[in-house]
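Undergrad: Sequence:
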Amino acid sequence: VLHSMTKFINGHADIVAGMVVAKDEKHYKLMRPVMVNMGFNMDPHQAWLTRRGLKTLGIRIDRAQQSAQKVAEFLENHPKVAWVLYPGLASHPQFELAKKQMNGPGAMISFGLKGGYEAGKKMMDHVKMALLAVSLGGIETLIQHPASMTHSKLSKEAKEEAGITEGLVRLSVGIEDVEDIITDLEQALKQV
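When we follow my numbering, the leftmost residue of the sequence shown carries the number 1, and every step to the right adds one.
Simulated from the structure, these hints should not be mistaken for laboratory data. From a predicted model like this one, the values you see are computed outputs, not experimental measurements. There's no promise every hint is true.
Unchecked claim - In silico BS3-like links for lysine-lysine, alpha-carbon gap of 25 Å or less:
id : residue 1 : residue 2
1  : K80       : K29
2  : K100      : K121
3  : K7        : K55
4  : K55       : K128
Claimed, not checked - Okay, the calculated beta carbon distance ranges per label pair:
id : residue 1 : residue 2 : range
5  : K29       : D177      : 47 to 53 Å
6  : A90       : V16       : 36 to 42 Å
7  : K70       : K114      : 19 to 25 Å
8  : D177      : H27       : 42 to 48 Å
Note that CB positions come from ideal geometry on N, CA and C, so glycine has one too.
Put together the whole structure using the sequences plus the hints.
TA: So this is what it looks like as structure tokens:
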């Protein structure tokens, strides 16, 4: 099992680390020489920061999920938003499955703006509290417009193949006050 400890586990966006969990002794023995020879062990300070993050993991996840639910509901009812993809919404194609399998719907929301590429760019230009960043799982709300940021160098065809529409916005909801998050998104959407 592989985990990115940089994301939710640490939760403060102040380390770069991953974790490999071995299924059994046999797999551990296969990995150990690589770990020893390549220096895969994190330094003590990063280990301490990760441990600090683990202490608040449950509280952070609960808060982010509660906020993400409210943000998703706000976005679903906004006239400039074409669609919202969030497993906590009844409109999600796998809503019932998510309720059965998950303890909560998570903190990631994808949504599409009716104005396409230009609407996405304008929204990014006008968010004030949400940080423009391509990560997830931290205490801050992060937002990105893949068509003009992470996937900007791809051809139109490659974007379509990857499911990257021109108006797609990706939002990782943090633990700030949910009303502040919604207010920020609302004021940015007014500029779209």
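Undergrad: Are the hints correct? Go through all of them and say.
TA: Verification of the supplied hints:
Annotation: proposed proximity of K80 to K29 is violated, straight-line Cα distance about 55 Å (limit 25 Å). Restraint check for K100 and K121: not satisfied, since their Cα atoms lie roughly 37 Å apart, outside the 25 Å limit. A C-alpha spacing of about 14 Å is found between K7 and K55, which places the hinted pair at or below 25 Å, so the restraint holds. Restraint check: the Cα-Cα separation between K55 and K128 comes to about 29 Å, which exceeds 25 Å; the hinted pair is violated.
A hinted range of 47 to 53 Å holds for the C-beta pair K29 and D177, which are about 49 Å apart. With their beta carbons about 38 Å apart, A90 and V16 fall inside the hinted range of 36 to 42 Å. Remark: the range hint 19 to 25 Å for K70 to K114 is upheld by a beta-carbon distance near 22 Å. A C-beta distance of roughly 44 Å is found between D177 and H27, which places it inside the suggested range of 42 to 48 Å.
Taken one by one, the earlier hints fail for this structure at numbers 1, 2 and 4, listed in ascending order.
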